[in-house]
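Trainee: Spelled out, the chains give:
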Amino acid sequence: MVNMVDASPQVAENISAAEVPEVELYHPKSYWTKYIFSQDAKVIAIQYSGTAIAIGLVALVLSWLIRLQLGFPGTFDFITPEAYYQFITMHGMIMVVYLLTALFLGGFGNYLIPLMVGARDMVFPYANMLSFWIYLLAVLVLVVSFFAPGGPTGAGWTLYPPQAIMSGTPGGQQMGIILMLVSLILFIIGFTMGGLNYVVTVLQGRTRGMTLMRMPLTVWGIFTATVMALLAFPALIVAAVMMLFDRLLSTSFFMPALVEFGEQLEYGGGSPILFQHLFWFFGHPEVYIVALPAFGIVSDLISTHARKNIFGYRMMVWAIVGIGAMSFIVWAHHMYVSGMDPYFGFFFATTTLIIAVPTAIKVYNWVLTLWRGDIHLNVPMLFAIGFIVTFVNGGLTGLFLGNVVVDVPLSDTMFVVAHFHMVMGVAPIMVIMGAIYHWYPKVTGRMTIDWMGRFHFWVTFVGSYLIFFPMHYVGLVGVPRRYPELGDATFVTDSLHTLNAFISVAALIVGFAQLVFLFNLFWSLRHGKEAGGNPWRATTLEWQTSETPPIHGNFGKELPIVYRWSYDYSVPGAPEDFIAQNDPGPTKEEAAR
Amino acid sequence: MTIALVLILVVVGSIVFHLFSPWWWTPIASNWNYIDQTLIITFWITGVVFAAVILFMAYCIFRFRHKEGRKAAYEPENSRLEWWLTVVTGIGVAAMLAPGLYVWGQFITVPDEATEIEVLGQQWQWNFRLPGADGQLGTSDNRLIDSENPIGINPGNPLGQDDVVIEADDLHLPVGKPVKMLLRSADVLHDFYVPEFRAKMDMVPGMVTYFWFTPTRTGTFEILCAELCGTGHAFMRGFVIVDTQEDYDAWLQEQSTFAQLSTPTKLSAVDDTRP
Amino acid sequence: MIAVLIFLAIVFSIGGWWLSRQRLMSKPWLEPGFAGVAPGTEAINLPANKVGLGVFLAVVGALFALFISAYFMRTELPDWRNIPMPRIIWLNTGLLVLASAALHCAVVAVRAKQLRALKLDLLACIATTLMFLFGQGMAWETLTAEGYFATSSPAYSFFLMLTGVHGIHIIGGLFVLTRTTRHAWTQTNNAALRASTELCATYWHFMLLVWCVVVVVLAGWANDFVDICRQLLPLG
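Chains as they are written, first to last, in my numbering: chain V, 15 to 607; chain S, 12 to 286; chain Z, 495 to 730.
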């Protein structure tokens, strides 16, 4: 039943040295070009990550304010309904686009792709540098909108017209919505420059011997997600440009004839549903743009820390590619009650539930990797386990919302909020944190402080579950999302208010635990233990660099040659429980003995 | 070790919470029991999968945690097991999808005898229109909306003259009669949502959307707006009062038609034509 | 969303064809060493900038496919009226064909190492492209003079937006083309010159193709085709 094969290293054949042409690297000479306007993917990765985490902290503070209002309505006078809508809009937009997308692709993609495929750098370093600076500009425009007259937009992160550009919505007739759209367009332009790099580096920049089927799943995940993002983000540009036309030139792409507070507006004939199609044509792939890198990274974390190859590597690869392709034909499951042609519901419910199958296979394979493993419960492994729990939970509630008629009572309630926070909030962030603990030693040369990491894990994992699991039931009761307060609706009981307050307290605690995480990252820069080159005894190329942290150009004089796949852990007959990808195996004499 | 225990606790805690917590859906007041049943099927299937996966993982972590001298097994894949799991998952998914699509088919097929009732959402109140004596609604357009004509009924259309207009007040429905809710919006997206009816649908300016249901018990139910519609979103409330037929008829007698509203002087004359 | 789904089907077919040659069914753990490296499964043996341009054109294609999808969804609404195409559009199309042809000649010249011809062709391309952009501006003028406004006619709004976005892409290309032209005078490295001329030519041909599709769509010639597609695949 089990494929027990002898995969012990074969005799190394005679191979000419790496024939990969030397990439012409511009070695930086001054501080400015080395650390600020750097073209080194690793520096750009850190710049991307730092910016993403910084703006993410803003989103974290916003989430506290949201929860303070929801848990203790009427207590905080400064949180007016206007402010509340601005908070939720900015929180959502920052988390989805400016934090998760930027961190997974701009941060992890930049750092890991060249190292993992054995390249000296990204193929277009200059465009890569521009990518970060345009991203930073996009973030700054977003920040400026907080200080613009009228404040940022409060249209909800989905920015649905007509309300997004009308006066009943904060920022709709002021600068808020304009700055938001401009910032998104800038983000996409910047991302496209980076995205071309990530894709072409995988296509063209791999070192000798690195076939697609030898790539770590991390690279597969980031690569597929980037391809999807390159094809999906244009939909957001189109939607944003058309909305800017509607807002600034009074065109009627999305705007039908309507009456605002008794006054006829000059719009006419447009369709708000058209916007929703465009938005979700971007928006649904976006979910997987965040999820696929998380899938890839968590596969590598589990495999490394369980000292066992990832179970069913081929199936994992096919699932990533299949999910990536299919995610382009499920978008309208966000629109079951939008008023679109109800017969679409049959098609989109079917595609949505089919996509659950490859996703489920990935989950099985992660768990089966643990089976008969040698599980080291290091901090990255704990976060990987936390990811599986929250992802399974959130993925299963997706089956409620994807199954068209079940979605009808649940859509636009707190159930949806709980679902997507579990599946694309908590779960990917678990992976991000696990990944940071995992690769921190490579990036800095030092280990993080272990007890702080464990403390951080326990509070985050248990706390997040306590926040979002009960929240599903708040939605089941019937509480709509995007309500700053429930008021005295007939179905709202006192116990529901208590539950809301409990969720808020848990949210505040989890939020503060993230400060421990940040402190750990800074403290360990100086006080962490020396890590050495390969502290986790991992097989992939980034752990085999001659210097830690890797220098500009990543590898020494010659690029590594790849002789095996990325998961040779606990190979029978091998002297150690891992064989690095660039290990040619024993020489002829050794093999003869 | 601790993590294995916590995983078991997560599973047990989640199930206990599901079964014994006081937070559950509101008692149903419409014919959409099928939706509730599909939801229950989904809860069962997903609940079993959740418990199975997490408990199995807890066992693996407990059983195969690192000890001195342990070495992991070498097992790149097991095609038979993987295909088997795929098929089982496929069956589980189909078991949820099939009833879901069946009920969706019912949800979008409006019975012929359903009475049409129009809801017009606007920032931030609910207006309603009932067909008058002729049983039909007249045409309407957002461009006709003004203070005299809050629903935008076409004054040239004879069908609209006897339509009953309810501006920012409660809607009454007779119990046991299917209704087709025609949904319009004067300004932004809204969503007509009564938790007890289970059904909901967005209201889109420039379009008429719909859903149907049959109220199954009398009572007062709160209407919420479920699609973000600006700063007043959370306060856009209204009431549906499901009456017995007699109470409903009595209520209907007191309402004004479009013709009465637009020409208040002729009120008595038009009133005579009412059933 | 018909247009973008057709476009994606094309992109995914190309990607699928490439992936099908990468031995995704192989069992990599059984094939250590170089025995496991089948020909054609290593890094793509093309210069990075060519691969990069190919990927970039896919992104640009997706952008226009989405604009066109939005266009078709908007045409379905009852207030839609087509607008007559200003006649200067056909002159502009001719200019863009000339520009593309000039770049094609430039590629032939640079491959034959005829520097004089290359310089001439590049300048001809820049000139015709600038005239194209000027002509597009005239088209806007004409329509506005005939009384169409972005606010009153969604067809005109689309005309403005689609020609505008196309124009921005042409202007972006002109920056690169200008640099290439400068290099034709200053640089002696023929390989670099050849590479950048070829990239510009590919880009111009692609933007010509996009323009032809945009014209066909804006002139309303594609409506019947889209109606047929909608009946086959009724997805918005």
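None of these hints come from the bench; they were simulated from the model. Computed from a predicted model, the values in this text were never measured in an experiment. It cannot be assumed that every hint is accurate.
Said to hold, decoys possible - Chain S is faced by these chain Z residues, among others (derived, beta-carbon under 10 Å): (1) G527; (2) L571; (3) W574; (4) R575; (5) V670.
Stated by the list, open to error - Simulated restraints, written as ranges between beta carbons of each label pair: (6) W147/V to L20/S: 18 to 24 Å; (7) L703/Z to W46/V: 40 to 46 Å; (8) L71/V to D181/S: 27 to 33 Å; (9) L20/S to L532/V: 43 to 49 Å; (10) G243/S to E570/Z: 51 to 57 Å; (11) T47/V to G101/S: 52 to 58 Å.
To be verified - Listed next, the stretches of chain S that the computed footprint assigns to chain V, with coverage defined by at least 3 CB atoms under 8 Å from CB atoms of chain V: (12) 170–177; (13) 229–243; (14) 253–266.
A virtual CB, placed ideally from N, CA and C, is assigned to each residue, including glycine.
Trainee: Does each hint fit the structure? Answer for all of them.
Mentor: Against the structure, the hints:
1. Because the beta carbon of G527/Z sits about 17 Å from the nearest beta carbon in chain S, more than 10 Å, this interface hint is broken.
2. A distance limit of 10 Å between C-beta atoms decides the matter here; for L571/Z the minimum to chain S is near 8 Å, and the interface restraint holds.
3. Checking W574/Z against chain S by beta carbon gives a least distance of about 13 Å; that is not within 10 Å, so the hint is violated.
4. Proximity of R575/Z to chain S is violated relative to the hint, the smallest CB-CB distance being about 17 Å (cut-off 10 Å).
5. Taking 10 Å as the C-beta contact cut-off toward chain S, the hint placing V670/Z at the interface is violated, the least distance being around 43 Å.
6. Distance hint for W147/V and L20/S: a CB-CB separation of about 47 Å, inconsistent with the stated range 18 to 24 Å.
7. Between L703/Z and W46/V the C-beta distance comes to about 42 Å, which sits within the given range of 40 to 46 Å.
8. Hint check: L71/V to D181/S, Cβ distance near 47 Å, so the stated range 27 to 33 Å is violated.
9. Our hint of 43 to 49 Å for L20/S and L532/V is violated, since their Cβ atoms are close to 28 Å apart.
10. For G243/S and E570/Z, the hinted distance range of 51 to 57 Å is not satisfied, since their beta carbons lie about 32 Å from each other.
11. In this structure, T47/V and G101/S meet the distance hint of 52 to 58 Å, their C-beta atoms being roughly 55 Å apart.
12. Counting residues of the region 170–177 of chain S whose CB falls under 8 Å from any CB of chain V gives 0; the rule of at least 3 is not met.
13. With 12 residues carrying a beta carbon less than 8 Å from a beta carbon of chain V, the region 229–243 of chain S meets the three-residue requirement, and the given coverage holds.
14. Look at the region 253–266 of chain S against chain V: 0 of its residues bring a Cβ nearer than 8 Å to a Cβ of that chain, fewer than three, so the hint is violated.
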